[in-house]
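Construct all of the structure, not just a fragment, from the sequences and the given hints.
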Amino acid sequence: QKEVEQNSGPLSVPEGAIASLNCTYSDRGSQSFFWYRQYSGKSPELIMFIYSNGDKEDGRFTAQLNKASQYVSLLIRDSQPSDSATYLCAVRGRGKLVFGQGTRLTINP
Amino acid sequence: AAGVIQSPRHLIKEKRETATLKCYPIPRHDTVYWYQQGPGQDPQFLISFYEKMQSDKGSIPDRFSAQQFSDYHSELNMSSLELGDSALYFCASSFRASTNEKLFFGSGTQLSVL
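Here the protein sequences come in this chain order: A and B. Those letters in the first sequence? Residues 1 to 109, per the working numbering, in order. Those letters in the second sequence? Residues 1001 to 1114, per the working numbering, in order.
Treat the hints as calculated values from the structure; they're not laboratory data. Each hint should be verified, as a subset may be incorrect.
From the structure, some residues in chain A lie toward chain B, with a derived Cβ separation under 10 Å [said to hold, decoys possible]: (1) Val4; (2) Gln31; (3) Phe34; (4) Tyr36; (5) Gly41; (6) Lys42; (7) Glu45; (8) Leu46; (9) Tyr51; (10) Phe61; (11) Leu88; (12) Ala90; (13) Lys96; (14) Gly100; (15) Gln101; (16) Gly102.
DSS-like, lysine-lysine: derived pairs with alpha carbons at most 30 Å apart [what the hints assert, rightly or not]: (17) B:Lys1022 x A:Lys42; (18) B:Lys1102 x A:Lys2; (19) B:Lys1102 x A:Lys67; (20) A:Lys2 x B:Lys1057; (21) B:Lys1022 x A:Lys56.
We put the CB at the ideal spot given by N, CA and C, even for glycine.
Here's what the structure looks like:
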């Protein structure tokens, strides 16, 4: 079992709709959770981080964390074509940051 | 704001050659991480350094070595290159002493082994 797993996608969402990205992790001791956005051939860009159970909102992005279920998600409201990218869930366990395999998101105009 | 700087951006080598990748972290960041990302793959952790000492080791081949220097820049040395080493290599830096450490990535070095 991979340490961090994401819904593999690809995910296609109409412009203006809500995109929902999901991630589960195996290490119950994990403390920090991140969402990175990566455009093709570019480096991962940090867009959200969450450390406590519940929701965290930043503009059109909402991260949700449920440590009991070992689940973290990212919601993107009012999706824009520029949101089309691969989204990487990353979890910090004991030291290093471990990435999921990424979910490719396409926003259709 | 200053970001993580990696050099070179692109590197073409032949099998069995050696390569050196360089990473300059964000000023005042004390930790450097190296990741390897193959086409369509997620970034795979290779190795990290904190305050110039190796702090964690991932799936780094024995043919690779790395170090962090007194000015906190880091170099990844790759020897006996193989075709499978072709990938995007990212360096990330962070300030580990912060309560909730966040990693910031450089633009990467695209290594092609022919």
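Of the hints given before, which are not true for this structure? 10 and 21
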